[in-house]
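Novice: Spelled out from the first residue to the last, the chains are:
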Amino acid sequence: MSAGEARLVLLGWSLRAGGSRSLRERIAFSADETREALERIRGKGLVTESVIVATCHRSEIYGLADGETPRERIAALISEWRGLDFAELTGSSFYREGADAARHLFRVASGLDSMALGESEVLGQVRTALRVAREANASRAVLHRMFESAVAAGKRVRTETEIARHPLSVPSIGFELATKVFGSMDDHTLLVLGAGETGALFAEQAVAAGVARVLVANRSPERASDLARRIGATAVEWNAVPSTLAEADVVVGATASPVPVVRHADVDAAMRARRGRPMFFLDLAVPRDVEPSVADIYNVYAYGLDDLEGVAEENRRRRAREIPRAEGILEEELGRFLGWFGNLAVVPTLTGLQEKLATLRDAELSRIPAEERERFRAFADAIAGKLLHEPLRRLKSEPDASRKLDRVEAIRHLFDLDE
Amino acid sequence: MGAHVLGWLAVACYCAAEAVAIVSLVRGRGALAHLAPVLVGGGLVLHFVDLMQRAHALGSVPYRTLGGSVSFFGWMLGLAYLFLLIRHRERATGPFLIPFVILATAVGLLLPDAAAAPGEGLHGSVFALHVTLAILAYAAFALSFVLSVLYLVQSRQLRQKRQGLLFARLPPLEVIARLNRTSVTVGLAVLTLSLVLGLFWAEKVWPSLADPKVVWALVTLAVYGFLLWMDRRGWEGPRVAVLSILGFGVVIFSYTVVNLYFSHAHSFR
Chain X
1 MSAGEARLVL
11 LGWSLRAGGS
21 RSLRERIAFS
31 ADETREALER
41 IRGKGLVTES
51 VIVATCHRSE
61 IYGLADGETP
71 RERIAALISE
81 WRGLDFAELT
91 GSSFYREGAD
101 AARHLFRVAS
111 GLDSMALGES
121 EVLGQVRTAL
131 RVAREANASR
141 AVLHRMFESA
151 VAAGKRVRTE
161 TEIARHPLSV
171 PSIGFELATK
181 VFGSMDDHTL
191 LVLGAGETGA
201 LFAEQAVAAG
211 VARVLVANRS
221 PERASDLARR
231 IGATAVEWNA
241 VPSTLAEADV
251 VVGATASPVP
261 VVRHADVDAA
271 MRARRGRPMF
281 FLDLAVPRDV
291 EPSVADIYNV
301 YAYGLDDLEG
311 VAEENRRRRA
321 REIPRAEGIL
331 EEELGRFLGW
341 FGNLAVVPTL
351 TGLQEKLATL
361 RDAELSRIPA
371 EERERFRAFA
381 DAIAGKLLHE
391 PLRRLKSEPD
401 ASRKLDRVEA
411 IRHLFDLDE
Chain G
420 MGAHVLGWLA
430 VACYCAAEAV
440 AIVSLVRGRG
450 ALAHLAPVLV
460 GGGLVLHFVD
470 LMQRAHALGS
480 VPYRTLGGSV
490 SFFGWMLGLA
500 YLFLLIRHRE
510 RATGPFLIPF
520 VILATAVGLL
530 LPDAAAAPGE
540 GLHGSVFALH
550 VTLAILAYAA
560 FALSFVLSVL
570 YLVQSRQLRQ
580 KRQGLLFARL
590 PPLEVIARLN
600 RTSVTVGLAV
610 LTLSLVLGLF
620 WAEKVWPSLA
630 DPKVVWALVT
640 LAVYGFLLWM
650 DRRGWEGPRV
660 AVLSILGFGV
670 VIFSYTVVNL
680 YFSHAHSFR
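One line per chain: the protein sequences are X and G, in this order. Per our numbering, numbering of the first sequence is gapless, rising by one per residue and ending at 419. Per our numbering, numbering of the second sequence is gapless, rising by one per residue and ending at 688.
No wet-lab data here; the hints were simulated from the structure. Be aware that one or more of the hints could be misleading.
[Claimed, not checked] Just some of the chain G residues that point at chain X, by a computed CB distance under 10 Å:
| # | residue |
| --- | --- |
| 1 | 431 |
| 2 | 586 |
| 3 | 587 |
| 4 | 591 |
| 5 | 649 |
| 6 | 653 |
| 7 | 658 |
[Stated by the list, open to error] So the derived list for chain G, only partly shown, Cβ under 8 Å to chain X, looks like this:
| # | residue |
| --- | --- |
| 8 | 578 |
| 9 | 592 |
| 10 | 593 |
| 11 | 594 |
| 12 | 651 |
| 13 | 654 |
| 14 | 655 |
| 15 | 656 |
For glycine and all other residues, C-beta sits at the position ideal for the given N, C-alpha and C.
Between the sequences and the hints, there should be enough to build the whole structure, so can you do that?
Specialist: The following block contains the structure:
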């Protein structure tokens with residue numbers, strides 16, 4: 001096999017909203033199913049290489065195919081294996097070829113195709129996809145290079161643009177705001193009120209982020225001490241919360257209490273005990289845990305859930321503003337890959353073309369008298385050489401990698417080099 | 420040397436550093452970020468040679484004249500910027516601090532050195548130290564002024580829940596507050612020392628110590644002393660920043676108005 005005879009193909013399913021739920025579930029690939037799918041696709045000889053990217057939002061089969069109608073043949077295989085209706089399966093899929101297939105992978109790796117724009121998890125998933133394919137002996141030089149390039153592009157996009165920088169989730173935004181007041185949190189104290197789902201999540205993230213001291217208080221003390229034990233925090237008696245406030249630099253409200261649990265007077269007293277050192281309140285509870293007037297106390301900063309969601313919205317816009325720069329980087333890396341791949345394709349195409357002409361020439365020469373053949377051979381070669389000279393020169397010197405690839409494709413098709 | 424070629428070259432370096440600092444502030448991390456300190460460092464070297472040439476021409480310390488003292492003030496401030504950068508890796512203050520360096524250096528170069536009439540007693544190491552320390556203190560207060568403005572901007576953005584470009588780039592409030600505290604403490608200590616040296620030295624040269632500039636220096640000490648005191652007693656935060664801005668107002672007033680109009684014997688001319 002040479003790359004010249006093969007095309008990059010991508011058959012994918014977006015598992016976001018839309019499409020029937022059952023189909024989404026059945027087209028998702030677990031790790032084992034991914035291996036099995038790679039095995040089956042290769043077994044049928046549909047592709048020479050393949051890698052499957054499976055995340056919660058997408059199933060994508062990348063391949064290097066040399067046969068006809070790879071889309072239908074891969075879809076048929078999946079439909080047969082999974083017992084899915086062929087029409088439904090192809091109807092809900094999308095298909096890309098050549099540079100577009102590679103571009104899609106680069107976008108996925110950069111987080112441009114993710115629901116949370118710029119999220120970084122997908123980069124690891126792309127890496128895993130390549131590793132699984134390699135272990136299953138399904139990927140070789142081309143897809144290996146394509147996936148490595150996509151990962152490199154994804155990394156560049158995340159370090160050189162701000163597409164992954166502004167946090168989108170409420171806890172991480174809250175945490176970032178707190179560090180905007182206190183700087184490093186590794187010598188500060190954080191108090192979480194409420195050991196329910198939100199409070200536990202926040203406390204756990206705070207411990208993981210290296211906050212020096214994480215205190216947890218809950219109305220029923222067992223839950224607080226359970227949580228504290230589990231994540232390595234310190235439990236605080238519910239009744240001791242007002243007196244503990246002075247020790248806390250950051251207070252997170254996440255109780256289900258119908259009335260505010262942090263009162264203006266308590267914060268006022270705490271601030272006096274702190275000699276005015278700033279305090280930061282993150283109120284994640286509905287209804288509020290922190291009396292609104294707390295925000296009026298000198299050197300106290302208070303954010304509610306609405307504020308944090310406003311910041312999330314703003315951060316989404318900021319990430320979106322980075323899309324053009326991210327795409328610039330992506331095209332640069334894509335160009336580099338396609339240039340490499342294109343060169344793989346150009347040389348065999350040229351040889352293929354020359355071989356084809358030689359066959360035609362010899363067939364014609366066999367029909368004329370032997371003594372004249374030499375003369376006609378020279379004549380035919382001269383015409384073929386002159387005719388091909390300019391197109392081939394242009395093809396070789398084409399600077400745009402994806403256009404080069406298209407032209408190679410066109411030549412292969414027009415001269416029927418891929419019988 | 421009349422033309423101050425090196426001095427203007429230094430100004431050019433500072434301007435380039437400012438441009439680089441602004442670009443790297445807007446664009447976030449970038450390869451350019453390392454260029455600003457190099458440019459400021461180069462400017463400081465050129466600037467220093469220019470100050471030495473001025474000193475040579477005056478046959479005295481370069482800050483004998485008002486121009487020389489302003490230029491020297493700019494030099495000290497540039498040094499403070501480098502210190503912040505190297506010691507605290509604090510980049511975001513650059514674009515706000517360097518303009519003061521540029522302004523002071525350029526003004527210092529533009530003010531003419533009056534035909535130096537060597538005042539009696541305006542030489543000697545005590546005098547030199549007195550003036551050097553005073554100018555260092557002013558540079559520290561100028562730094563505190565810039566930090567305080569940034570503190571107020573950052574605090575306001577946090578309070579209004581509006582996060583502009585600056586919000587992401589400026590250091591955390593407590594970091595700015597800590598730098599500010601250090602800066603004021605240094606300024607206060609150095610100004611006190613300068614004042615003591617000055618009084619010690621003036622006692623021998625002057626008939627009376629009741630001098631307007633001395634009085635204003637005491638007012639400056641009082642404002643910044645009050646600032647540090649209240650910083651520990653619950654004013655940490657925006658109020659301290661406002662006090663620092665007021666304090667710098669007093670410094671500018673005594674440097675300009677008092678220096679030029681009220682204090683004849685005790686001024687840079």
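Novice: Compare the structure with each hint and give your call.
Specialist: Taking the hints in turn, this is what the structure says about them:
1. 431: Since the shortest Cβ distance to chain X is 30 Å, the answer is violated.
2. 586: holds (7 Å)
3. 587: Residue 587 of chain G check passes; min Cβ-Cβ to chain X is 8 Å, inside 10 Å.
4. 591: holds (4 Å)
5. 649: Holds - the Cβ of residue 649 of chain G comes within 10 Å of chain X, reaching about 9 Å at its closest.
6. 653: OK, holds: residue 653 of chain G within 10 Å of chain X, min 4 Å.
7. 658: holds (8 Å)
8. 578: holds (6 Å)
9. 592: holds (5 Å)
10. 593: holds (5 Å)
11. 594: Since chain X brings a Cβ to about 5 Å from residue 594 of chain G, closer than 8 Å, the hint holds.
12. 651: holds (6 Å)
13. 654: Holds - the Cβ of residue 654 of chain G comes within 8 Å of chain X, reaching about 6 Å at its closest.
14. 655: holds (4 Å)
15. 656: holds (4 Å)
In summary, the structure is inconsistent with hint 1 from the numbered list given earlier, while agreeing with all the others.
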